[in-house]
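Take these sequences, add in the hints, and give me the full structure.
Those protein sequences? They're chains A and B, same order as listed.
Per the working numbering: the first sequence = residues 1 to 327.
Per the working numbering: the second sequence = residues 1 to 206.
One should not assume that every hint holds.
Straight-line alpha carbon distances no greater than 20 Å define the calculated SDA-like cross-link-like pairs of lysine to any residue that follow [said to hold, decoys possible]:
hint, chain 1, residue 1, chain 2, residue 2
1, B, Lys24, A, Glu161
2, A, Lys267, B, Phe119
3, B, Lys24, A, Arg112
4, A, Lys182, A, Met236
5, A, Lys165, B, Ile6
6, B, Lys24, B, Arg36
7, B, Lys8, A, Lys267
8, B, Lys24, A, Lys182
Treat the hints as calculated values from the structure; they're not laboratory data.
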Amino acid sequence: MNVALEGEIVRRLKPVFGYLHRNHEKIGENATYLSSMPYTDRLDYFCSMTNNWAYALSVEKLAGIEVPERAEYLRVILAELTRLQNHASLLGFLLNDMGAWGTPLMYAFREREKILDLFESLSGSRMMCDYMRFGGCRCDTPPGWMEYARKLVDAFPRFIEELEKLVVGNEVVIARTQNVGKLSAELAINAGITGPMLRACGVNYDLRKVDGYGFYPRFKFRIPLGEHGDTYDRLMMRVLEMRESVVILKQAFEQIQDGPIMNPKVKIRAFRPPVGEAYGRIEAPKGELGFYLISDGGTNPYRYRVRPPSFINLTVLEDLNLNPHPY
Amino acid sequence: MIGTGILKGMAVTARNFVGSYFEKDRLITVQYPEERSPLPENYRNFPFLPYDGDDPHAGLRCVACKICEKECPPQCIYIVKSEDKKPDYMGKPQFYPKVFDIDISVCMSCQICVEVCPFEAIKMDKVFELSRRERFDALLLRKSDLAKSNEYYHSICPTDAAGVDAKLAGAVAAAAKKKAAAAAATPPGAGSTSAAGGALPTAASA
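In structure tokens, the structure reads:
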């Protein structure tokens with residue numbers, strides 16, 4: 001970032017993107033449809049499960065693949081667990097950067113560790129899960145997995161409450177986040193901001209409700225909305241969203257039934273979808289994550305485009321920093 | 001009153017600090033090199049080639065079809081097909097890999113090779129302490145490093161290994177049955193090879 005500062009106040013800020021460019025889209029175009037799946041894990045290593053889901057969803061749209069019921073429920077469960085650990089660690093990192101040296105971050109990572117243990121026993125890897133496939137999921141849950149997950153989700157609200165206590169009334173947090181980094185709803189919509197950052201400005205837009213992908217229409221949950229669009233609202237959005245995720249998870253554990261996990265008609269080797277194009281998008285923890293695929297009938301996509309949430313959310317970084325400070 | 005929020009936060013940290021001595025939920029880490037938490041059965045790290053019996057050459061299940069080489073996302077597998085053939089687990093002559101290298105400094109343990117292999121010839125290992133002092137070929141595993149016995153596979157993944165053994169035994173039994181039926185139906189010397197071939201798990205043509 002090129003930043004001009006006056007004390008702690010930012011006068012000019014130009015983010016310089018591209019140092020983490022990994023040629024992902026070109027790799028995706030040169031790899032088979034299946035080979036791209038593990039690469040999606042690496043887009044955002046905190047949320048590999050939701051990345052998998054977004055990619056699987058767009059390939060399923062492209063080839064018109066049905067997903068078995070149990071696999072859809074598992075996807076919802078894994079996506080919401082991902083949301084829990086992502087939001088928890090996000091709060092931890094925020095407090096860490098504000099000077100609470102590591103303590104809240106370690107609490108968040110402790111809870112994240114339990115969720116990663118679940119991912120590891122299910123998929124074999126803690127962060128690079130590579131678990132979902134077009135047409136379902138790779139393997140069924142090992143014995144005891146669901147009970148452990150249920151116990152974890154039942155115990156999770158205690159952690160949310162503790163984290164909230166650390167944050168909500170804390171005078172330092174309030175002084176440093178309220179009315180800081182304000183974002184107006186108009187600018188947020190115009191800049192294509194999505195996810196909790198958009199909802200913190202009071203715009204009711206959540207793809208889980210708007211698109212109703214997966215089995216989300218089957219669950220009763222609310223979309224928390226912010227009012228001021230400042231850093232404090234964005235922070236509280238995460239706390240409230242974690243609460244709603246717990247609500248969704250509890251319903252999913254009640255509704256999930258035994259059954260097949262993979263559509264048997266899908267050919268994994270040398271998978272060739274019909275000619276066409278598809279855009280699959282999901283509400284990833286950080287915003288709208290979409291994959292746009294154009295197929296020419298071959299084993300590789302002709303065009304492979306990722307619509308990343310964080311990259312687009314960061315385009316308003318300067319506006320966030322330049323907005324009038326309370327002091 | 002200003003400061004009460006901070007005091008409440010301090011109470012949370014105090015509860016976590018004291019709790020970490022008494023509650024398993026609040027202290028989940030272990031002292032790594034001395035203590036180790038058990039690995040889940042699904043844990044995966046780097047592929048290996050299981051072989052049946054005692055001889056890594058004769059028992060190797062790989063037939064050098066190169067599907068894994070093609071599907072491998074980071075392209076870390078290198079296979080050279082043999083010129084001659086050796087009998088596979090069903091006694092049918094098959095090619096075998098003359099060279100089978102995996103550069104595990106490139107491998108990302110995605111297990112796609114395992115998924116696409118039609119012969120159950122490549123499986124995921126559970127090794128993870130692999131740091132080396134050399135920069136280049138210390139992590140380039142040759143066929144001899146990759147071949148590990150089926151007993152080893154049973155010791156790391158008992159459920160999966162039992163399933164694979166049952167599947168292979170089933171294929172052998174089905175092939176024997178088909179061969180016997182074909183021998184009974186046709187005069188000796190005609191058509192027996194194609195009948196045995198039909199029961200093999202077939203490689204994808206593409």
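Here is what the structure says about each hint:
{"no.": "1", "hint": "B/Lys24 to A/Glu161", "in the structure": "holds, 19 Å"}
{"no.": "2", "hint": "A/Lys267 to B/Phe119", "in the structure": "holds, 16 Å"}
{"no.": "3", "hint": "B/Lys24 to A/Arg112", "in the structure": "holds, 15 Å"}
{"no.": "4", "hint": "A/Lys182 to A/Met236", "in the structure": "holds, 14 Å"}
{"no.": "5", "hint": "A/Lys165 to B/Ile6", "in the structure": "holds, 9 Å"}
{"no.": "6", "hint": "B/Lys24 to B/Arg36", "in the structure": "holds, 16 Å"}
{"no.": "7", "hint": "B/Lys8 to A/Lys267", "in the structure": "violated, 56 Å"}
{"no.": "8", "hint": "B/Lys24 to A/Lys182", "in the structure": "violated, 41 Å"}
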